[in-house]
Amino acid sequence: MSLVAMNTVATNTFVLLDALLAVTPSAADVLRVLTLADYNTRVVVIGTTLLGLAAGVVGSFMLLRKRALLGDALSHATLPGIAIAFIAAEAFGASGKSLPVLLVGATVTGALGVGTVLLLRRYTRLKEDTALGVVLSVYFGAGVALLGIVQQMQTGSAAGLESFIYGKTASMVVSDAQLIGLAGLVVAVVCAVFYKEFKLLCFDPQYAAGQGWPVMLLDLVLMSLVVIVTVIGLQAVGLILVIALLIIPAAAARFWSDRMSRMTLISAGIGGASCAFGAALSAVLPRLPSGAMIVLVAFMIFILSMMFGPARGIVPRLLARRRLSRKVARQHLLRAMYEMTEEREPSLLVRTTQDQVGARLTTKELSQRRSWSTKQLESELKTAEEDDLVELSGDGWRLTEEGVTLARRVTRNHRLWETYLITYADVAPSHVDRDADMVEHVLGPAMTRELEKILGRRDPDQQAELPSPHAMVEGRS
Amino acid sequence: MTTVAILDWSMLDTWIVIAGMLCALSCALLGNFLVLRRMSMMGDAISHAVLPGLAVAFLLTGSRASLPMFIGAAVVGIMTAFFTEWVRGAGKVDEGASMGVVFTALFALGLVLIVQAADTVDLDPGCVLYGAIELTPLDTVILGTTTLGTIEVPRAVVMLSCVLLLNAVVVLLFYKELKLSSFDPALATALGINARLMHYMLMTLVAVTTVAAFESVGSILVVAMLVVPAAAAHLLTDRLPAMIWISLLLAVGAAVLGHMGAIAVPAVFGYSSTSTAGMMAVTLGAMLVCTVLFGPRDGLLVRVVRRFKPSLRPRAAEH
Chain Y
1 MSLVAMNTVA TNTFVLLDAL LAVTPSAADV LRVLTLADYN TRVVVIGTTL LGLAAGVVGS
61 FMLLRKRALL GDALSHATLP GIAIAFIAAE AFGASGKSLP VLLVGATVTG ALGVGTVLLL
121 RRYTRLKEDT ALGVVLSVYF GAGVALLGIV QQMQTGSAAG LESFIYGKTA SMVVSDAQLI
181 GLAGLVVAVV CAVFYKEFKL LCFDPQYAAG QGWPVMLLDL VLMSLVVIVT VIGLQAVGLI
241 LVIALLIIPA AAARFWSDRM SRMTLISAGI GGASCAFGAA LSAVLPRLPS GAMIVLVAFM
301 IFILSMMFGP ARGIVPRLLA RRRLSRKVAR QHLLRAMYEM TEEREPSLLV RTTQDQVGAR
361 LTTKELSQRR SWSTKQLESE LKTAEEDDLV ELSGDGWRLT EEGVTLARRV TRNHRLWETY
421 LITYADVAPS HVDRDADMVE HVLGPAMTRE LEKILGRRDP DQQAELPSPH AMVEGRS
Chain G
478 MTTVAILDWS MLDTWIVIAG MLCALSCALL GNFLVLRRMS MMGDAISHAV LPGLAVAFLL
538 TGSRASLPMF IGAAVVGIMT AFFTEWVRGA GKVDEGASMG VVFTALFALG LVLIVQAADT
598 VDLDPGCVLY GAIELTPLDT VILGTTTLGT IEVPRAVVML SCVLLLNAVV VLLFYKELKL
658 SSFDPALATA LGINARLMHY MLMTLVAVTT VAAFESVGSI LVVAMLVVPA AAAHLLTDRL
718 PAMIWISLLL AVGAAVLGHM GAIAVPAVFG YSSTSTAGMM AVTLGAMLVC TVLFGPRDGL
778 LVRVVRRFKP SLRPRAAEH
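So the sequence lines, in the order shown, correspond to chains Y and G. The first sequence begins at 1 in my numbering and counts up by one. The second sequence begins at 478 in my numbering and counts up by one.
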């Protein structure tokens, strides 16, 4: 790279940074936006927030219906409708740029596009994504071809038709906000009325059909809602933003709850919040386009949800997995020590003695019991020592009184499950240990009681001795 | 009148059709694997998502030269595939939704960057970054001189030829691996094929093709050529080689007929030609509709006939 080129790179980088930094607003500006003092800001923030709420609700159904990208295909499919409406209006002598006419055109071909997707799914073996891709590209191509003709019409008003319909958020007027509010209301009412049906449609359309629900009709109602939200949103905030609002809040909400009703509400909340915040941010910093800021705010919320959402977030899932594997490792250690004590000095475990402790076991003996590495075993012993379950005595480790109590319960659960498997699942006694090993850790007290009842070994404090149902082999319990 | 419009065919039209055919072939070839992998929307996602790559390349070099722009776009295009895969895998989000989340966010980021740059420079995403196929013959490169004169070829044709060559070579070399990992990634992995590597290789090809093609012929044609020929071919056959050949044939046919339609159809109504890319997409749509209705394998017409003539039903043992 030449010096001149490097200089250009540096200059442009500075220009970019300057542009980003030179927009620090005054406190008064921030306050004015936050209190919605400006008429224009108020309209934009309220309008987009309503849109976000409506899109969030519809989007959550779309996500679960595995049709997240339908909004993408649909919004592209509105283009030929807009061009046709323009041509038709001009042909009848009206102004082609009348908004209601264009919106009707957009709705008609948008709905046709959705209908085409549904028909392709029903009558061909094309998959969802292919049907969407076909509709998106062919309808949009037709729109582009029609616009090529519109541009040759001798009306002069055709210029900028595309940007006229694929509007700009900042220029939203009060009638737009009202229209969005009305559409949002329709969406909310229809979703509330058909909530149960939509839920069934999302989770198990075959079952819904089997139960006699008109699945195709319900699908059409749901898709009509998507068409309404998309067309209204296209005109108000633009193509990409509508697609984003239909997908991102719902995908983010999925991390927060496994319950559909809660997820829908959270999705609406995220949609509304990112719109309000994004629009306000763009009002404070006029150099940031509001549509793009709304998408970026929604995306930030999505990333946070994906990381920390309690239902399916990455961090909570990792923590849960860690907790489980720790619990499993701890229980393996306790059971191994208990069983080894049982084999060597069973007298230590007799319940009449006041202070029961386990037999003294060296690390080497323990490590032969299971496929533990020395490091693993040592760290496990250490944490167990911190919890007062094992203690160092001389050159070996032994269970403390508390450890024996816990180990007895763990061992008992294991043996109960083994007995159950041998009795009812016809698992050979020589193989039962492995199978029981996988399940014993997740047996709660309720399940244990159930097992005891089935096996006729009831014991209120779950502390009774239970002999192993199979021969104990040194090195493999 | 229609015939007159078509008879005005010139060298310009030939170059436009050649560019369209090259784009059609490179896209349709990859499209078969995208359709089988249920990733048909990837072309659309990438063509939106590359905006920040273009913006950053422009801001850093300060020029609208093709190469930095191309590299920036291709890098972000590949990143789109990576991010989508990450959100899908790590977040367990449905494929379509993860694609939607990633490409809209990247597009928004690109918009913000471009608005920042708009004060100092002239960068319009609408007309600079997305090419138009009608303009391809005007931007030429000189390949060499012979005794007959200089050989001048449109830049788009050179670029798309390279992309087609790349796609063809990679698909030929890794045909078995691509095929197996498209149909059964688990089996492919068990047989020692790196299905993940195949996935990213295909995504890289798609990103490069998408960027190269939309820069020269426009994004709508890319998306259409990636999905529709393969979709129609998928309805006609169960065999992958046949599907690929049919899709290539349909794509080339649509490129030729589309440009003729762009000249001839508006002429019927008294207008001069319209968007070639748009008409190529419409032609593809018409081809797909014909396949759905009249396809010999399981077209709607055939199915209706079979309902009344059970003897024509395919025997179950055939497959």
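If you're looking for bench data, these hints aren't it; they were derived computationally from the structure. Glycine residues also receive a C-beta, built at the ideal position from the N, C-alpha and C atoms. Be careful, since some hints might not be right.
To be verified - Which bits of chain Y does chain G cover? Going by a derived footprint, with three or more residues having C-beta under 8 Å, they are:
hint, segment
1, 368 to 378
2, 411 to 419
Said to hold, decoys possible - To give a feel for the contact side, a few chain Y residues facing chain G, derived at Cβ under 10 Å:
hint, residue
3, L64
4, K66
5, L118
6, L120
7, Q152
8, L220
9, I247
10, A250
Status of the hints after comparison with the structure:
1. 368 to 378: Answer violated; 0 residues pass the 8 Å Cβ test.
2. 411 to 419: violated (count 0)
3. L64: Holds: closest Cβ of chain G sits about 9 Å from L64 (chain Y), inside 10 Å.
4. K66: Given a least distance of 6 Å, the restraint on K66 (chain Y) holds.
5. L118: It is violated, given that the least Cβ distance between L118 (chain Y) and chain G is near 13 Å, above 10 Å.
6. L120: holds, 7 Å
7. Q152: holds, 5 Å
8. L220: Violated. Min distance 20 Å.
9. I247: Where the cut-off is 10 Å and the nearest Cβ of chain G is about 4 Å from I247 (chain Y), the hint holds.
10. A250: holds, 7 Å
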